[in-house]
Amino acid sequence: RTGFLGRGRTLVQVEARVRPSAPAPPATSASDDVEHAAEDLRTFLERVVHLMDLTAEVTVTETSEALLAEIGGDDLGLLIGRHGQTIDALQYLAAIVVNRGRRARQQVVVDAEGYRARRALSLHTLADRMAQKAIRERTAVVLKPTSAAERKVVHLHLKDHPRVETVSEGQEPHRAVVITPRRRG
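Residue 149 in our numbering sits at position 167 of the sequence shown; the count goes up by one each step and never skips.
These aren't lab readings, by the way, just hints derived from the structure by calculation.
Just so you know, these numbers come straight off a predicted model, no measurement behind them.
Check before you lean on any hint, since a few could be wrong.
Stated by the list, open to error - Calculated lysine-lysine pairs in the BS3-like style (CA-CA distance at most 30 Å, straight line):
id, residue 1, residue 2
1, K141, K115
2, K126, K115
3, K134, K115
4, K141, K126
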């Protein structure tokens, strides 16, 4: 958080605990399990939105790859957080809640106000700019540390680029993408 008139900074630490509960009864089929997972996800996110005192609607869609939760409403900046850190943490917690007591793991994606698409576009633009810099200066360019999901977006975007290659270096949470010019020959 920033202080008065944007001066000063206070680090805020958020602690979350999952209350133990009785294990979910076994589902009768895989489709029932996905339906229960989707309902658990929607219920969890609605509770979080309520506890954050936000006015928003939660919609959960099932795809072949994941459960997609879209949170729509006004002024969801608090839910998204700085550089998406809050929504990333919420997605992590949601995946734990959804997969607790289930054999088949279900991938969970939580989005708010189209943040994920906007962030991917921003990462593509950054990757293109830094790739051009690596080519122009003939040197490796190290991006700022990002989450694994954001690094994956950059790697996939530059995967077929004929003049640069990417690797991730460092240890979490300081792991970053390095863009290097390909060697000729």
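Results of checking the hints against the structure:
1. With a C-alpha separation of about 17 Å, the suggested pairing of K141 with K115 holds against the 30 Å cut-off.
2. Simply put, K126 and K115 have alpha-carbon atoms about 15 Å apart, close enough for the 30 Å limit, and the pair holds.
3. For the suggested pair K134 and K115, the alpha carbons sit about 20 Å apart, so the restraint of at most 30 Å is met.
4. Distance hint between K141 and K126 is fulfilled; the C-alpha atoms sit about 19 Å from each other, no more than 30 Å.
Violated hints for the displayed structure: none, as all numbered hints are satisfied.
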